[in-house]
Amino acid sequence: MHAVIIAAGKATRMAPHSFVTPKSLMEIESGLPIIKFVIEQLRKAGIQDIVVVVRKENSHHFNKITDGFKIIEVDCEEEFGNLYSALVGGRTVNDGFLLLMSDHVFEVEMVRRVLDNAEKTDKAFVLCLDKEPSLKAAEEGLKILINGGKVAKAGKDLPPVYGIDTGIIYCGSRAISYFSEAVEKHGKNCSIKDALNLAVEKDDVDFVDVTGLLWQDVDTLEDLEKAREIYWEILRRDITKTSDGIVSRYINRQISSRISIQLYRSGIFINPDIISLIGFLIACLGGITIILGHLIIGGLLVQASSIIDGIDGEIARLFKKPSIRGGILDLLFDRIADIFIVIAIVVSSWPIGVLEGVASLMAAANVVLVNYATQLLETNRVRVDALRKIPATRDVRLMVVAICCIAGYPFLSIYYLAFMPLIYLAAGYVLILKMREAERGFVHRKRSWSIWPYIPAGIGVKTSINSIVQNGLRLLFALLITHLLLPPFSDVVITQRPIELSLGIFIPIIEASIIIYLGSKILISSGVIIEYVSLRLVERLKITTYLIREIIKDLSYLFFSAVLWSYSWHFAEIPVIGPYIIKLIIPTISFLIIYMVYRITKRIYNTYREVLEEKARNIESKSQP
Numbered sequence: 000m001h002a003v004i005i006a007a008g009k010a011t012r013m014a015p016h017s018f019v020t021p022k023s024l025m026e027i028e029s030g031l032p033i034i035k036f037v038i039e040q041l042r043k044a045g046i047q048d049i050v051v052v053v054r055k056e057n058s059h060h061f062n063k064i065t066d067g068f069k070i071i072e073v074d075c076e077e078e079f080g081n082l083y084s085a086l087v088g089g090r091t092v093n094d095g096f097l098l099l100m101s102d103h104v105f106e107v108e109m110v111r112r113v114l115d116n117a118e119k120t121d122k123a124f125v126l127c128l129d130k131e132p133s134l135k136a137a138e139e140g141l142k143i144l145i146n147g148g149k150v151a152k153a154g155k156d157l158p159p160v161y162g163i164d165t166g167i168i169y170c171g172s173r174a175i176s177y178f179s180e181a182v183e184k185h186g187k188n189c190s191i192k193d194a195l196n197l198a199v200e201k202d203d204v205d206f207v208d209v210t211g212l213l214w215q216d217v218d219t220l221e222d223l224e225k226a227r228e229i230y231w232e233i234l235r236r237d238i239t240k241t242s243d244g245i246v247s248r249y250i251n252r253q254i255s256s257r258i259s260i261q262l263y264r265s266g267i268f269i270n271p272d273i274i275s276l277i278g279f280l281i282a283c284l285g286g287i288t289i290i291l292g293h294l295i296i297g298g299l300l301v302q303a304s305s306i307i308d309g310i311d312g313e314i315a316r317l318f319k320k321p322s323i324r325g326g327i328l329d330l331l332f333d334r335i336a337d338i339f340i341v342i343a344i345v346v347s348s349w350p351i352g353v354l355e356g357v358a359s360l361m362a363a364a365n366v367v368l369v370n371y372a373t374q375l376l377e378t379n380r381v382r383v384d385a386l387r388k389i390p391a392t393r394d395v396r397l398m399v400v401a402i403c404c405i406a407g408y409p410f411l412s413i414y415y416l417a418f419m420p421l422i423y424l425a426a427g428y429v430l431i432l433k434m435r436e437a438e439r440g441f442v443h444r445k446r447s448w449s450i451w452p453y454i455p456a457g458i459g460v461k462t463s464i465n466s467i468v469q470n471g472l473r474l475l476f477a478l479l480i481t482h483l484l485l486p487p488f489s490d491v492v493i494t495q496r497p498i499e500l501s502l503g504i505f506i507p508i509i510e511a512s513i514i515i516y517l518g519s520k521i522l523i524s525s526g527v528i529i530e531y532v533s534l535r536l537v538e539r540l541k542i543t544t545y546l547i548r549e550i551i552k553d554l555s556y557l558f559f560s561a562v563l564w565s566y567s568w569h570f571a572e573i574p575v576i577g578p579y580i581i582k583l584i585i586p587t588i589s590f591l592i593i594y595m596v597y598r599i600t601k602r603i604y605n606t607y608r609e610v611l612e613e614k615a616r617n618i619e620s621k622s623q624p
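Take the sequence shown: its letters are residues 0 to 624, numbered as in numbering that gives the first Met the number 0.
In case anyone wonders, no lab produced these hints; they're calculated from the structure.
The beta carbon of each residue, even a glycine, is placed where N, CA and C say it ideally should be.
Watch out, some of these pointers could steer you wrong.
[Stated by the list, open to error] 35 Å max Cα-Cα, derived DSBU-like pairs, lysine-lysine:
1) K119 to K541
2) K201 to K388
3) K601 to K614
4) K552 to K541
5) K601 to K541
6) K43 to K461
7) K433 to K461
8) K614 to K320
9) K319 to K541
10) K43 to K201
11) K388 to K63
12) K55 to K149
[Unchecked claim] Derived Cβ-Cβ restraints for the label pairs, each shown as a range:
13) W568 to F488: 19 to 27 Å
14) T600 to S489: 37 to 45 Å
15) S622 to I273: 50 to 58 Å
16) L331 to Y408: 24 to 32 Å
17) I508 to W349: 53 to 61 Å
The whole structure should be built from the sequences, with the hints applied where relevant.
What follows is the structure, given as structure tokens:
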């Protein structure tokens, strides 16, 4: 795969700095120009053949940083747009290539997604679509109109209904012909959107959703300032592994990657082998502490070792000093530490019975087998992304050990380590069966069942309104029954053993269940109506329908969580176990409510942040003498 980077713009909005050096050579980190970062991201994604298109008068600037990429000069006296630069660069490569802007900072995951999509489609273009851009990005970016799941139009003057292009475009074998046709039709000063619209007419444009991934188009000094800010977060995200387990992704990496980034920003390099050794020693110390009976401290040390286990690789990637020796040492330390922790739990629980002994042997064996099976599958180029979602990876195993130790029941983790990895190994066996070499099949479907003529069910406004009315009436009558008919029978005893439970305890639970169940059906049925409302709000709010829908969805979740929170207090009336249920449920729902409020405010802030900052700068400039 080739990549063509366009770096032939004049960057007039960056004057007077752009008079000294091209915009793409401005730094986002000390010693790291934007274009060098773009090239590094491409290489992380496996792209080595890179072409950079520059103006002839600026080529001497780029010659200073030439590092394995080819420079193509555009020698044109008349003004030309970015499409002409893309045409000049595209003609130097064969077949498909990735087209990028030299002034865009982005996550490497964005490149991976568009490349994955390019392998599955035969379209001339594959765009990266951000459905949740900021207000400023939506105003200035290339808007993409989607109709029926297909790209219908591209243009900067369109309303930001569905999202904007992020400046990373896969160009197939037919892309050059569209480039040439657009230049011939509109002249050299045309833009990429002209070629895209020609391809749209022939349904030759696809897109991939990259919403949520970080990127920044640098057009002004304010944009450069923001790019420098999000660069560190992009770097933090990029050093995480796609192969991480659930706990590692959502807990361990959130801590370890921030430690690694802070060390990198401070210029402090610690040999990754030393970090691996520290993590190993902490795990062993945790095991010894468990043997001595200090379960809480032991559990915390085990989890701490799991977090530190990620720092060695992150430091190696940040400072670009990976080593085979380091990988082998890390692998050996992990296996020895895992087996020692199992031994420590067994010793702390001694004496044990036959069942416990068998479970202990299985737990120790699974520590090795899970890693061995994963390595074997990856060596044979079998994708194990889905496999890692099964909670049997090392990060999850150590978290379970930590939780069980802190709770005071360490041997429960042995049962988990003994049996959960069996599901992981069974799933791995299924992946082996799906390999092409073994794909002989067990069951074949010789015909597909269909009926003619096919009548679509329809999900229009009429269907949605009918569903909303029906479920709304059901909700009304259900609540009338629980409020009017059931209260007189609240003292009726349902069961007396082992705990006496009356109907009155269950009435609030029934009400909450009805509200959540029928309310969710009303919410789902409201999807089409919300779509129409969001289309009307786009013009006024200048944000995408996706963002409006997500905010409405989050508000709905917030409402249901609040309902559940208010009704959950009635669990306290359950004898004996009621207070414990409250201590478990209320904090969980409260955390969910706080998270939903955070998500809503974050979405709104990220959308209008640049507008608020611009207004603040205007106020500041006016206040200065």
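Each hint, compared with the structure:
1. For the hint pairing K119 with K541, the CA-to-CA distance comes to about 33 Å; that is within 35 Å, so the pair holds.
2. In summary, the hint linking K201 to K388 is not supported, as the alpha carbons are separated by about 40 Å, beyond the 35 Å threshold.
3. With a C-alpha separation of about 19 Å, the suggested pair K601 and K614 falls inside the 35 Å cut-off, and the hint holds.
4. The hinted pair formed by K552 and K541 meets the criterion: a straight-line CA distance of about 19 Å does not exceed 35 Å.
5. Taking the CA atoms of K601 and K541, the gap is about 17 Å. The hint holds against a cut of 35 Å.
6. About 50 Å separates the Cα atoms of K43 and K461, which puts this hinted pair outside 35 Å; it is violated.
7. A hinted pair counts as satisfied when its Cα atoms are at most 35 Å apart, and K433 with K461 does not qualify at roughly 44 Å.
8. Taking the CA atoms of K614 and K320, the gap is near 44 Å; set against the 35 Å cutoff, the hint is violated.
9. This hinted pair does not check out: K319 and K541 have alpha carbons roughly 42 Å apart, beyond 35 Å.
10. This hinted pair checks out: K43 and K201 have alpha carbons roughly 34 Å apart, not beyond 35 Å.
11. Simply put, K388 and K63 have alpha-carbon atoms about 46 Å apart, too far for the 35 Å limit, and the pair is violated.
12. A distance of roughly 38 Å separates the Cα atoms of K55 and K149; the hinted pair therefore is violated under the 35 Å criterion.
13. For the pair W568 and F488, the beta carbons lie near 22 Å from each other, so the given range of 19 to 27 Å is met.
14. Our hint of 37 to 45 Å for T600 and S489 holds, since their Cβ atoms are close to 40 Å apart.
15. At roughly 52 Å, the beta-carbon separation of S622 and I273 lies within the given 50 to 58 Å, and the hint holds.
16. Range check, L331 to Y408: about 30 Å between beta-carbon atoms, so the 24 to 32 Å window is met.
17. Against the hinted window of 53 to 61 Å, the Cβ-Cβ separation of I508 and W349 comes to about 44 Å, which falls outside the hint.
Hint compliance for this structure: hints 2, 6, 7, 8, 9, 11, 12, 17 are broken, all remaining hints hold.
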